[in-house]
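All chains, full assembly: derive it from the sequences and hints.
Below are the chains, spelled out letter by letter.
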Amino acid sequence: MNAMNKKITSGLLWLACWVATAAHAVNDLPGGPAVRQLNMHPPATKVAEEQHALHWMMMLICMGIFVAVFGVMFYSIWKHRKSVGHQPATFHESVKVEIAWTIVPFIIVIFMAIPATKAVVAQKDTSNADLTIKATGYQWRWGYEYLKGEGNGISILSSLDNEQRVLSNSGAKGADLDNYLLKVDHPLVVPVGKKVRIITTSADVIHAFAVPAFGIKQDAIPGFVRDTWFRAEKPGDYYGQCQELCGKEHAYMPIHVKVLGEAEYTAWVQSQTTTKTAAVSAAVVASADSTNK
Amino acid sequence: MSAVLDPHGHVADHHDHHHAPVGWRRWVFATNHKDIGTLYLLFAFTMLMFGGVLALLIRAELFQPGLQIVNPELFNQLTTMHGLIMVFGAIMPAFVGFANWMIPMQIGAPDMAFARMNNFSFWLMIPAAAMLASSFFMPGGAPATGWTLYAPLTMQMGPSMDAGIFAMHILGASSIMGSINIVVTILNMRAPGMTLMKMPMFVWTWLITAYLLIAVMPVLAGAITMTLTDRHFGTTFFNPAGGGDPIMFQHIFWFFGHPEVYIMILPAFGIISQVVPAFARKKLFGYASMVYATASIAILSFIVWAHHMYTTGMPVTGQLFFMYATMLISVPTGVKVFNWIATMWRGSMTFETPMLFAVGFIFVFTMGGFTGLILSMAPIDLQLQDGYYVVAHFHYVLVAGSLFAMFSGAYYWLPKWTGVMYNEGLGKLHFWWTLISFNVTFFPMHFLGLAGMPRRYADYPMQFADFNALASVGAFAFGIAQVFFFFFIVLPCMRGHGPKAPQRPWEAAEGLEWEVPSPAPFHTYEVPPKLNADATKVIG
Numbered sequence: 089m090n091a092m093n094k095k096i097t098s099g100l101l102w103l104a105c106w107v108a109t110a111a112h113a114v115n116d117l118p119g120g121p122a123v124r125q126l127n128m129h130p131p132a133t134k135v136a137e138e139q140h141a142l143h144w145m146m147m148l149i150c151m152g153i154f155v156a157v158f159g160v161m162f163y164s165i166w167k168h169r170k171s172v173g174h175q176p177a178t179f180h181e182s183v184k185v186e187i188a189w190t191i192v193p194f195i196i197v198i199f200m201a202i203p204a205t206k207a208v209v210a211q212k213d214t215s216n217a218d219l220t221i222k223a224t225g226y227q228w229r230w231g232y233e234y235l236k237g238e239g240n241g242i243s244i245l246s247s248l249d250n251e252q253r254v255l256s257n258s259g260a261k262g263a264d265l266d267n268y269l270l271k272v273d274h275p276l277v278v279p280v281g282k283k284v285r286i287i288t289t290s291a292d293v294i295h296a297f298a299v300p301a302f303g304i305k306q307d308a309i310p311g312f313v314r315d316t317w318f319r320a321e322k323p324g325d326y327y328g329q330c331q332e333l334c335g336k337e338h339a340y341m342p343i344h345v346k347v348l349g350e351a352e353y354t355a356w357v358q359s360q361t362t363t364k365t366a367a368v369s370a371a372v373v374a375s376a377d378s379t380n381k
Numbered sequence: 019m020s021a022v023l024d025p026h027g028h029v030a031d032h033h034d035h036h037h038a039p040v041g042w043r044r045w046v047f048a049t050n051h052k053d054i055g056t057l058y059l060l061f062a063f064t065m066l067m068f069g070g071v072l073a074l075l076i077r078a079e080l081f082q083p084g085l086q087i088v089n090p091e092l093f094n095q096l097t098t099m100h101g102l103i104m105v106f107g108a109i110m111p112a113f114v115g116f117a118n119w120m121i122p123m124q125i126g127a128p129d130m131a132f133a134r135m136n137n138f139s140f141w142l143m144i145p146a147a148a149m150l151a152s153s154f155f156m157p158g159g160a161p162a163t164g165w166t167l168y169a170p171l172t173m174q175m176g177p178s179m180d181a182g183i184f185a186m187h188i189l190g191a192s193s194i195m196g197s198i199n200i201v202v203t204i205l206n207m208r209a210p211g212m213t214l215m216k217m218p219m220f221v222w223t224w225l226i227t228a229y230l231l232i233a234v235m236p237v238l239a240g241a242i243t244m245t246l247t248d249r250h251f252g253t254t255f256f257n258p259a260g261g262g263d264p265i266m267f268q269h270i271f272w273f274f275g276h277p278e279v280y281i282m283i284l285p286a287f288g289i290i291s292q293v294v295p296a297f298a299r300k301k302l303f304g305y306a307s308m309v310y311a312t313a314s315i316a317i318l319s320f321i322v323w324a325h326h327m328y329t330t331g332m333p334v335t336g337q338l339f340f341m342y343a344t345m346l347i348s349v350p351t352g353v354k355v356f357n358w359i360a361t362m363w364r365g366s367m368t369f370e371t372p373m374l375f376a377v378g379f380i381f382v383f384t385m386g387g388f389t390g391l392i393l394s395m396a397p398i399d400l401q402l403q404d405g406y407y408v409v410a411h412f413h414y415v416l417v418a419g420s421l422f423a424m425f426s427g428a429y430y431w432l433p434k435w436t437g438v439m440y441n442e443g444l445g446k447l448h449f450w451w452t453l454i455s456f457n458v459t460f461f462p463m464h465f466l467g468l469a470g471m472p473r474r475y476a477d478y479p480m481q482f483a484d485f486n487a488l489a490s491v492g493a494f495a496f497g498i499a500q501v502f503f504f505f506f507i508v509l510p511c512m513r514g515h516g517p518k519a520p521q522r523p524w525e526a527a528e529g530l531e532w533e534v535p536s537p538a539p540f541h542t543y544e545v546p547p548k549l550n551a552d553a554t555k556v557i558g
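In the order they appear, the protein sequences are chains A and B.
In this text, residue positions in the first sequence follow my numbering: the first is 89, and each later residue adds one.
In this text, residue positions in the second sequence follow my numbering: the first is 19, and each later residue adds one.
The hints are simulated quantities; they were obtained by calculation from the structure and are not laboratory data.
Values in this document were obtained by computation on a predicted structure and should not be read as measured data.
Every residue, glycine too, gets a C-beta built ideally from N, C-alpha and C.
A hint or two may mislead.
[Stated by the list, open to error] Taking beta-carbon pairs under 8 angstroms as the criterion, some of the chain B residues facing chain A (in silico):
(1) Q174
(2) F381
(3) L468
This is the structure in structure tokens:
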């Protein structure tokens with residue numbers, strides 16, 4: 089009996105501890121996810137603002153239609169029940185009504201498509217960029233090469249912070265990290281207010297480069313180059329994650345974009361071009377070797 | 019002989035001239051559409067449970083941030099196999115089960131056109147399912163590429179990828195044969211007087227679905243064969259180093275994939291179109307419109323595939339075309355929803371379990387339709403592609419859509435299949451439990467997707483923890499509800515434990531299936547019936 093009670097008590101304690109570890113008291117990450125976030129990231133580019141506006145428009149129209157249609161349905165469920173004595177009508181077709189509820193939604197859809205078209209055209213226009221950076225997806229990290237514009241020649245390899253990867257394996261017990269799985273060793277650094285063109289490709293399988301606060305997402309496809317662009321409106325740190333299943337560490341190759349003021353960016357470029365390039369090239373080679381094992 | 023578990027064949031159809039088969043031979047050599055329907059439904063339910071266990075493992079892992087139960091490789095295998103099993107093992111075979119049971123009875127035919135090929139179509143699925151299920155135990159584990167099998171990640175998979183490709187070929191062959199059977203049966207074996215425009219809507223939706231299947235299953239076969247030859251026979255269809263293109267895989271896959279999701283919803287629409295008029299005691303509103311809307315949806319489904327590929331880098335004109343075409347599909351779909359509500363309007367409704375699931379379907383499927391419309395907008399899709407908003411969307415349309423419609427059809431037709439009335443109180447319990455737990459599971463995923471949580475992630479930033487925990491709790495409740503369904507609804511009916519079902523348990527149900535006894539005898543309509551003007555009743 090005593091041993092049994094002990095077992096039950098320790099079992100319950102274990103359960104309580106386990107449930108307690110479910111509560112992670114984290115804070116919002118500026119430029120990244122917020123706790124119990126309901127909507128998209130606060131926009132840091134005009135494109136992202138446009139996406140917000142479009143989404144609100146769609147939500148309001150859809151919610152309006154939803155309330156109208158299901159208002160009618162629930163009214164009918166309430167009033168047209170056998171249990172309240174309602175007798176069934178016999179009508180079962182009406183060409184006029186069918187035409188009406190085909191044409192009206194068709195018009196609503198056209199009305200939705202017009203602002204969407206403008207947004208699509210804007211987000212695909214990568215011409216006249218101030219800065220061009222190639223983002224290469226590797227299994228499982230990102231490589232950034234500055235190709236044109238201020239900073240060209242810089243090469244960065246950006247990997248998830250190793251401590252966080254180890255922490256994941258151990259179940260992230262008791263940890264309260266605001267940037268969990270988003271912290272990298274070398275972020276991508278860009279200047280504020282400049283049009284940055286990101287060229288994506290991959291060295292192995294398809295990955296996807298995404299930064300929700302900028303409103304961008306572009307697949308990184310081996311053997312092909314694709315591009316997207318952004319112009320960050322304010323300095324800060326912005327985060328994204330790989331968005332195309334690329335193997336076992338798919339969840340562990342984040343994107344961290346550091347947007348600096350123009351003067352700070354120039355200072356950063358100067359600090360990079362001398363010392364870092366050689367070291368990073370060696371790291372790229374070393375990591376490519378280890379991925380191929 | 020009826021479809022209940024009846025080992026001694028006591029409930030005999032006295033018009034049988036030959037001995038109806040008994041024992042294991044009855045099932046292994048089945049050529050009777052009712053028996054084959056039962057086999058498909060039980061197989062599909064088993065796969066639903068297996069796929070469900072995989073889902074619960076996923077949700078258990080995602081309950082908290084950090085890896086607790088599985089490593090990321092196994093996690094990717096779980097998500098892949100959950101998708102493949104549910105799509106190819108649960109939803110599609112279940113609808114074929116409904117088709118087998120109901121189409122011949124609803125058109126006044128004695129059986130399917132090709133009864134023996136029907137048997138082959140079913141039994142092919144067993145080795146395929148065994149291969150898929152056992153792939154977890156092969157070296158390297160199950161395929162871990164997502165059910166969408168994108169190249170070139172498929173090149174990195176072990177031998178289970180090849181087993182999976184073989185299994186999909188077999189399942190595809192089974193589907194194609196089944197679809198040919200359905201088309202030929204419907205076009206040739208309707209009772210005299212049942213013109214196409216007098217057929218029940220369930221038959222119409224299956225006729226259209228069968229054509230879709232015949233058109234696109236071969237395309238999937240092409241895509242997975244190219245994957246197989248790239249893996250082992252030196253081709254480079256999807257390998258850029260050899261002049262190939264990984265995006266071509268996506269085009270071919272989604273050319274199959276998009277009609278595939280309509281294949282998984284059109285028969286659901288058909289079931290709802292049978293159930294709502296029965297419980298509103300009013301004919302389906304706008305029958306002709308419903309037929310044309312279904313056909314429009316099917317045709318449009320061929321020209322929208324690249325809305326799954328907005329982020330691959332296609333030119334502006336491509337994005338615009340696919341966006342417009344996809345938005346257009348919402349029009350005929352909306353027409354169908356309006357027609358169902360118009361059927362309810364000024365009817366005389368009662369809310370037995372089939373009607374609860376049908377109304378639940380209309381409500382929750384429409385929510386899934388709205389999120390689909392939002393996803394179709396390319397600029398918004400850039401935020402949401404490959405994230406949890408997409409996961410929420412397709413679970414709303416596939417679970418709250420297809421699965422709810424199947425529950426509606428099962429409750430509606432179980433009395434006809436088994437001769438037993440299920441317990442109405444327990445049915446209602448199943449409905450509410452399922453509806454609530456479904457929404458607890460999948461509604462938070464919309465927020466996760468908007469907040470940027472990517473899909474197919476074994477671990478996630480901690481800010482996503484609360485909604486993930488909520489979704490996991492809901493998932494377990496949902497799973498238990500379906501086990502409850504099997505043990506407290508299906509099994510008692512199959513065993514004959516319950517009040518005897520009348521021939522027409524639903525007073526306003528129309529259709530030739532209600533003109534035969536409950537349970538339906540082993541052979542029905544061996545002689546083509548004489549039909550009334552509406553083709554809804556047998557006369558003379």
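Against the structure, the hints:
no., hint, result
1, Q174, "7 angstroms, holds"
2, F381, "6 angstroms, holds"
3, L468, "5 angstroms, holds"
In this structure, none of the earlier numbered hints is contradicted; all agree with it.
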